[in-house]
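A.B. asks: Read off the chains here:
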Amino acid sequence: MRAWLLVFFLALGVWAQEGPASPPPDLPPEVFAIARELRCPVCQGESAAESNSGVAVEMRRIIAEMLQEGKTKDEIKAFFVDRYGEWILYEPPKRGVTLWVWVLPVLGLALLGMGLFAYFRPKKPLPPELLEEAERRLKEPPA
Amino acid sequence: MTPALLGNLGVSLALAFSLLGLALALLAYSQGDGRFLKGAKALVLPAFLAALVAFLALEWALLTHDFSLAYVARNHSTQDPLWVTLVTPWAALEGSILLWGLLQTLYTLLASRRALDPWRASLVLAVLFGVQVFFFGVMATIASPFETLPNPPMDGAGPNPLLQNHWMMAVHPVLMYLGFVGLSVPFAYAVAAMAVRRYQTWVGETRWWTLIAWGFLTAGKVAGMWWSYEVLGWGGYWAWDPVENASFIPWLLATAFLHTAIVQEARGAFKAWNFAFVTLAFAATVLGTFLTRSGVIQSVHAFAEGPVGPAFLGFFLLATGLGLGLLSRVSREVRDPVAFRLLSREGALLLGAFFFAGWALVVVLGTFYPLLAEAFTGAKVSVGAPFFNQVSAPLGVGILLLMGVGPILPWRRPRAEVFRNLYLLLAVLLVGTLLGLLRGYTVGASLALGLFLYNTAAIFLLVREGVLARLRAGLSPWGFLGNRRRVGSLLAHFAVALMGLGIAFSQAYRLEAEKTLYRGQAWEAGGVRMEFLGVRALDEGRRFAVEALLRTDRFGEVRPRLHFYPQMNAPLPAPKVLYTPGNDYYFLLMDFDREKGGWASVRLIVTPLVFWMWVAGGLLALATLYILWPAGRPEELKGVSPA
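So the sequence lines, in the order shown, correspond to chains L and G.
Each residue of the first sequence is one higher than the last, beginning at 72 in the numbering used here.
Each residue of the second sequence is one higher than the last, beginning at 15 in the numbering used here.
Rather than coming from a laboratory, the hints here were simulated on the basis of the structure.
Where hints are given, some of them may not hold.
One-sided excerpt, in silico: chain L residues whose CB lies under 10 Å from chain G [said to hold, decoys possible]:
1. G156
2. W158
3. P198
4. P199
5. L202
Small disclaimer: the values here were computed from a predicted structure and weren't measured.
Just so it is clear, CB atoms sit at the ideal spot from N, CA and C, and this is done for glycine as well.
Use the sequences and the hints to build the structure in full.
C.D. replies: Next up, the structure:
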């Protein structure tokens, strides 16, 4: 067992640069609430709250520090937008190129709703002249 | 004979049989000659056997560590445990296409056993053979699972460690594929019905097939959610990842069809919707595969990328074009002649279908938006969970509302006594929501509580009505259980209401915190007190594990782990989840002192009611099984249906 542990900790050398020199800081729940709305820039579609990549770990540390300095959520998000652009936000801002992602669903649903309304609207009866015409033809002897 | 040779033979034969079958089925339709149909039917079993041979050849190659196959070299290692080796065929692109193809031939085999008039039978076969031609064509050309290497390595890297970490990985992809592939049969029925212009009989038969596919899809999704929760180490079950979305879209459309199909069965209306939903549900499975496999999007599922994107995009366009093209040809004939009342069962069912279709639309828009924005403006944008959660919440609420009212409402128009029930239900909804608000829950969570009680009350009213009617008629009250479709659908509705409750509470009240603990130090968070006792290293052959020993006041000793795989440069967290009916306690080891083991960084995630989501998932599967159990089959399926 002892030998194995030695081998193991030697093998850990490979990952040693992965681990930080000092223990990670404490992260209160507010950190995760903010990190969940930020994209981890190097990951495959994970937020900064979920990912364990170095960048995401660093982002959580920065968020914790900024919170301790008394910065608000919006200020913290703005800090990351300055660095990475709006792409870092998982909630697309409701202006510019991402306005449409908010507008389109509403438009689409409104269209569907209108279709639905048309579907349920009682069908208008046939115009009287058409009905008379039909009745007249019924009474006529077949040619 | 080598596995490569046998596999290539299997794929080529399956392709040849499918091509021949397609040609014969089309001839049978155009010539109206039963002999061609017989010939096409005779090719169904050989195609399945050839696909089975190819699949077994891949298993053979994996079991014998035949690294001369590129697929084996990339995704297998001699270190893999047996069960991992056995499920490696679906650990990457080529193998999963082979599994898909095999399941397609299996569905074709089952579908060809169903009695149908010769016209529709030939078209159903033609469509299914056509799908097979696509899959085996892809395998024979651009994504062969049996490609060989000139210089085989001595050992491979093994499958992605994320896939080895949980037994659910053996189950989840197969369930998903059974669901995806299963939707090809309803599509084939729809194409046949539109082509021969018989719009009524197909719907009952198709509903049965769709329910099978839907059941697998639902089970596959819940299994995937559980895998994500237990393995990915983020304490969540749904991330609105593009690949999750891609499989959610066909599920939504299939659900819409299952509901509008009832109206056509009972009242002959909504024909056009049914054709559209079935076509789009199948097309969405292909589109989803395009998204997953083409690498056009960033996703945690990106381990199965490959060169097949354009092929799947083309196939998607072909399938959509075929279905919608036929629908536009017959659109005048399938138009509904009468107006509907909103306050009737058919009204509620159609409105519900609109919610499902609208939700599918929203998910499509959000998923594709980053792609489109980048293509047209060059801007990189992210559309993530906060967006999807906000747009989904009102749709989900709408669906939960309709789910309670719909089954209470009679067809055509409500009678006076129905209103009494409706008012009662609304009162339950109101009281439940107020109760939540008074207890200090968020608006969303209170509404979810109200909706859960409201739906439970609706089910109670329906069961009571059914039992009372039987007692009045002098029948055994238990005979109610014999109405499998009714009982199954009520059970499924209850499961959905329960899941809604779980989603609302787990989203609103998730607590997540992280702390670095020194040996002997204690931490109290989320109602648990834990003391860090130290770390321990374990050698497990193909990986190293490091455990943090935490002594908790409620659960005894808890040991979250980090797994170190030689093929990964970062460790994978292996969470320790303690399920309780109230809260789930999710312990994660994030980091530890590599020199002396003096400290460990621990994350605790406390999420309420997640337990009930897995219960709801199980109930959904049970409900589907209950409806599908042989006695639940519609009568007309047992013989040739009248036109």
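A.B. asks: If a hint holds in the structure, say so; if it does not, say that too.
C.D. replies: Each hint tested on the structure:
Of the supplied interface hints, the one on G156 of chain L holds, with its beta-carbon coming within about 7 Å of a beta-carbon of chain G, less than 10 Å. Interface hint status for W158 of chain L: upheld, as the beta-carbon distance to the closest one in chain G is roughly 4 Å, under 10 Å. Hint status for P198 of chain L relative to chain G: violated, with the closest Cβ pair at about 17 Å, above 10 Å. Taking 10 Å as the C-beta contact cut-off toward chain G, the hint placing P199 of chain L at the interface is violated, the least distance being around 19 Å.
At about 17 Å, the closest approach between the beta carbon of L202 of chain L and any beta carbon in chain G exceeds 10 Å, and the interface hint on this residue is violated.
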